[in-house]
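Trainee: Construct all of the structure, not just a fragment, from the sequences and the given hints.
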Amino acid sequence: MEMKVETNSSPMSPKPSKQTGWRIWWSLLRPHTLTAAFVPVFIGTAYAMQVGGINQIHLPLFFIMLLACLLIQAATNMFNEYFDYKRGLDHEGSVGIGGAIVRDGIQPKTVLNLAFGFFGIAMLLGVYICMNSSWWLAAIGLVCMAVAYLYTGGPLPIAYTPFGELTAGLFMGVIIIGISFFIQTGTVTSEIILVSIPNAILIGAILLSNNIRDLDGDKENGRNTLAIIVGRENAIGVLASMFIVSYIWTIALIIVGIVSPWMLIVFLSAPKAFKATKGFIGKSIPMEMAPAMIATAKTNTIFGFLMGIGLLLGYFL
Numbered sequence: 003m004e005m006k007v008e009t010n011s012s013p014m015s016p017k018p019s020k021q022t023g024w025r026i027w028w029s030l031l032r033p034h035t036l037t038a039a040f041v042p043v044f045i046g047t048a049y050a051m052q053v054g055g056i057n058q059i060h061l062p063l064f065f066i067m068l069l070a071c072l073l074i075q076a077a078t079n080m081f082n083e084y085f086d087y088k089r090g091l092d093h094e095g096s097v098g099i100g101g102a103i104v105r106d107g108i109q110p111k112t113v114l115n116l117a118f119g120f121f122g123i124a125m126l127l128g129v130y131i132c133m134n135s136s137w138w139l140a141a142i143g144l145v146c147m148a149v150a151y152l153y154t155g156g157p158l159p160i161a162y163t164p165f166g167e168l169t170a171g172l173f174m175g176v177i178i179i180g181i182s183f184f185i186q187t188g189t190v191t192s193e194i195i196l197v198s199i200p201n202a203i204l205i206g207a208i209l210l211s212n213n214i215r216d217l218d219g220d221k222e223n224g225r226n227t228l229a230i231i232v233g234r235e236n237a238i239g240v241l242a243s244m245f246i247v248s249y250i251w252t253i254a255l256i257i258v259g260i261v262s263p264w265m266l267i268v269f270l271s272a273p274k275a276f277k278a279t280k281g282f283i284g285k286s287i288p289m290e291m292a293p294a295m296i297a298t299a300k301t302n303t304i305f306g307f308l309m310g311i312g313l314l315l316g317y318f319l
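Per my numbering, residue 3 is the first one in the sequence shown, and the count goes up by one each step.
Calculated from the structure, these hints are not laboratory results. A portion of the hints provided could be inaccurate.
Think about it this way: if two alpha-carbon atoms lie no more than 30 Å apart in a straight line, the pair counts; the simulated DSBU-like pairs of lysine-lysine are [stated by the list, open to error]:
no.	residue 1	residue 2
1	Lys221	Lys277
2	Lys300	Lys277
3	Lys221	Lys300
4	Lys88	Lys221
5	Lys300	Lys280
6	Lys274	Lys300
7	Lys221	Lys111
8	Lys274	Lys285
9	Lys221	Lys285
10	Lys300	Lys285
11	Lys221	Lys280
12	Lys111	Lys88
13	Lys221	Lys274
Just the calculated beta-carbon pair ranges, DEER-fashion [claimed, not checked]:
no.	residue 1	residue 2	range
14	Leu168	Asn57	33 to 41 Å
15	Lys111	Arg25	32 to 40 Å
16	Trp251	Pro273	52 to 60 Å
17	Ala254	Ile59	51 to 59 Å
18	Lys221	Phe276	21 to 29 Å
19	Arg25	Pro273	24 to 32 Å
20	Asp218	Phe276	47 to 55 Å
Where is the CB? At the ideal position from N, CA and C, for every residue including glycine.
Mentor: Given below as structure tokens:
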């Protein structure tokens, strides 16, 4: 499953502007979420290089895995766009959605068909990956795609429950990193699972930040997210704790020798984490909290990118 970023603002909030031309389709992809597909593949491949050496890395597998993840990520965003529209959750003033249906006039069926089309291409790419690694990955891939669909589709969407953060973190932060490592090395180790944890936590943080921002609207629409259960203030505390644990976990990885001290460069992302947490405090209007959500997403992107760079530096230097 791939992560999606969504929100439904109050009608009182300022309305986002309509898109035109190619920007409609580009916005539908929600490009700001696509880095969340790149980072896990990058980390898993970089750690595979650290373990097995650069000669073991199969670049075509890396790029095809990356493309498949990007397609599934984009498809997940489209499913979210479609099903939230069908449930009446999105409107013209909604923030954080692509807006292709409610603002730009794209037919809902077109969005749904495009999502399934992306799934189909990803499955074809998956065949190549399986042919060059293991056919067991086909089963795992199908499960991931099913969860991506059920995240906002089906009778009880995962995104509407307290398990959205856990599900996104598990499938993107652990499973995708593990698969990216496996297709290069032919094995999955306890070390790669431990390496994946900080990224998993930060992916969950992105979903939590969305749910903090959408808390009032989600409550009105009958959702039961983690942010609703614990309340806004406690949810902000949980978000801050997730950032802290991610950095502490990285230090622990260095101490036990799983990664090199170069991994400390992830702390360059800490100012974004601080900005994200501070940006939610005392806010209740979705548009006011949008910068904090963006900072949370950027924390994950910068942290993950620096983590991959740290792994590469540890190998080459």
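Trainee: Now tell me, hint by hint, if it's right for this structure.
Mentor: Cross-check of the supplied hints:
With a CA separation close to 26 Å, the supplied pair Lys221 and Lys277 stays within the 30 Å bound. As the CA atoms of Lys300 and Lys277 are separated by approximately 10 Å, the hinted pair is consistent with the 30 Å bound. In summary, the hint linking Lys221 to Lys300 is supported, as the alpha carbons are separated by about 27 Å, within the 30 Å threshold. Proximity of Lys88 to Lys221 is assessed by CA-CA distance (about 18 Å); at most 30 Å being required, the pair is judged to hold.
With a C-alpha separation of about 15 Å, the suggested pairing of Lys300 with Lys280 holds against the 30 Å cut-off. As the CA atoms of Lys274 and Lys300 are separated by approximately 7 Å, the hinted pair is consistent with the 30 Å bound. Using a Cα cut-off of 30 Å, the hinted pair Lys221 and Lys111 holds, with the two alpha carbons roughly 28 Å apart. For the hint pairing Lys274 with Lys285, the CA-to-CA distance comes to about 18 Å; that is within 30 Å, so the pair holds.
Under the criterion of a C-alpha separation no larger than 30 Å, the hint pairing Lys221 with Lys285 is consistent with the structure, at around 17 Å. Distance check on the hinted pair: Lys300 and Lys285 sit about 20 Å apart at the alpha-carbon level, within 30 Å; holds. The suggested pairing of Lys221 with Lys280 holds, with an alpha-carbon distance near 23 Å, which does not exceed 30 Å. For a cut-off of 30 Å, the pair hint linking Lys111 to Lys88 stands: about 11 Å separates their Cα positions.
Restraint check for Lys221 and Lys274: satisfied, since their Cα atoms lie roughly 28 Å apart, inside the 30 Å limit. For Leu168 paired with Asn57, a C-beta distance near 37 Å keeps the hint of 33 to 41 Å intact. Distance hint check for Lys111 and Arg25: the Cβ-Cβ separation is about 21 Å, which falls outside the suggested range of 32 to 40 Å. For the hinted restraint 52 to 60 Å between Trp251 and Pro273, the CB-CB distance of approximately 19 Å leaves it violated.
The beta-carbon spacing between Ala254 and Ile59, approximately 27 Å, falls outside the hinted interval of 51 to 59 Å. A hinted range of 21 to 29 Å for the beta carbons of Lys221 and Phe276 is consistent with their spacing of about 28 Å. Between Arg25 and Pro273 the beta carbon distance is about 31 Å. The supplied range of 24 to 32 Å therefore holds. A hinted range of 47 to 55 Å for the beta carbons of Asp218 and Phe276 is inconsistent with their spacing of about 25 Å.
This entry does not satisfy hints 15, 16, 17, 20, going by the numbered hints stated previously.
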